[in-house]
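Peer 1: If you're matching them up, the sequences are chains Z and X in order. With the first letter of the first sequence counted as 1, position 33 gets the number 131 in the numbering used here; the numbers rise by one all the way through. With the first letter of the second sequence counted as 1, position 97 gets the number 101 in the numbering used here; the numbers rise by one all the way through.
Bear in mind the hints are in silico, worked out from the structure with no lab data behind them. Glycine included, C-beta positions come from ideal geometry on N, C-alpha and C. Keep in mind that a hint or two might mislead.
Unchecked claim - Derived, one-sided and incomplete: chain X residues facing chain Z with beta-carbon distance under 7 Å:
hint, residue
1, Lys-46
2, Phe-95
3, Ser-111
To be verified - Derived contacts from chain Z toward chain X, CB cut-off under 10 Å, selection only:
hint, residue
4, Gln-136
5, Gln-140
6, Gly-141
7, Lys-147
8, Phe-165
To be verified - Pair ranges (Cβ atoms, derived):
hint, chain 1, residue 1, chain 2, residue 2, range
9, X, Asp-66, Z, Pro-210, 45 to 55 Å
10, Z, Glu-113, X, Gln-45, 27 to 37 Å
11, Z, Asn-195, X, Lys-82, 20 to 30 Å
12, Z, Leu-154, X, Gly-20, 45 to 55 Å
13, Z, Tyr-137, X, Arg-26, 19 to 29 Å
14, X, Glu-22, Z, Glu-169, 44 to 54 Å
15, Z, Lys-156, X, Thr-17, 37 to 47 Å
16, Z, His-180, X, Tyr-54, 35 to 45 Å
So the chains spell out like this:
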Amino acid sequence: AQSVTQLGSHVSVSEGALVLLRCNYSSSVPPYLFWYVQYPNQGLQLLLKYTSAATLVKGINGFEAEFKKSETSFHLTKPSAHMSDAAEYFCAVSGGNNDMRFGAGTRLTVKP
Amino acid sequence: EPEVTQTPSHQVTQMGQEVILRCVPISNHLYFYWYRQILGQKVEFLVSFYNNEISEKSEIFDDQFSVERPDGSNFTLKIRSTKLEDSAMYFCASSEALRGEELFFGSGTQLSVL
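Chain Z extracted, bound-state conformation (with noise of 0.2 Å):
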């Protein structure tokens, strides 16, 4: 079975700061992990996606990601935030069956 972790419920940042948001996943085979933002009042829209190419995956929207097995993490990075980020974030693993789940969600605020 897989699961992902989100460290902080909450982040806010200031406008132009690093943006760095946690994910560290279970898996019992080798995951395929993925980056979903959610603005207000909308469905979830897809950022970004490891699929055991590249460990790092650059995303729409100025984010990356860095996959790294040993430590079980996919953390979401941006080197400068912009008010616009402010949405909720989701990270997601699948094995690869039907079977996405997703983490608990980071809030992510920009303040100006």
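Keeping the supplied structure of chain Z fixed, place chain X upon it in accordance with the hints.
Peer 2: Same frame as chain Z, now just chain X:
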């Protein structure tokens, strides 16, 4: 750009009533899912569906829930006798393939059980 569409966007019902939530997945996708998100909580897996049958379901998906693909384009979630705790945002999703493919989500149906 193809998208998953869900109707209605909001549904209000009385406890004990049946509701049907509707979804039109992306046309060439083969795998379909329902998730729900209770206000302020995580996105929870309910059920996955492939080749006209349930592939996997969670412990949440009890006998009160059912899914159907009635006509080759729609994918529905039925709750037979709604409870207060069924109030949540319900998301439909679809994917083209299985391994490593992302899910495409609809905008959700907000279900309120009174």
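Peer 1: Look at each hint and say if it fits the structure.
Peer 2: Quick rundown of the hints versus the structure:
no., hint, result
1, Lys-46, "holds, 4 Å"
2, Phe-95, "holds, 6 Å"
3, Ser-111, "holds, 4 Å"
4, Gln-136, "holds, 8 Å"
5, Gln-140, "holds, 6 Å"
6, Gly-141, "holds, 4 Å"
7, Lys-147, "holds, 5 Å"
8, Phe-165, "violated, 13 Å"
9, Asp-66/X with Pro-210/Z: 45 to 55 Å, "holds, 47 Å"
10, Glu-113/Z with Gln-45/X: 27 to 37 Å, "holds, 28 Å"
11, Asn-195/Z with Lys-82/X: 20 to 30 Å, "holds, 25 Å"
12, Leu-154/Z with Gly-20/X: 45 to 55 Å, "holds, 52 Å"
13, Tyr-137/Z with Arg-26/X: 19 to 29 Å, "holds, 23 Å"
14, Glu-22/X with Glu-169/Z: 44 to 54 Å, "holds, 47 Å"
15, Lys-156/Z with Thr-17/X: 37 to 47 Å, "holds, 43 Å"
16, His-180/Z with Tyr-54/X: 35 to 45 Å, "holds, 39 Å"
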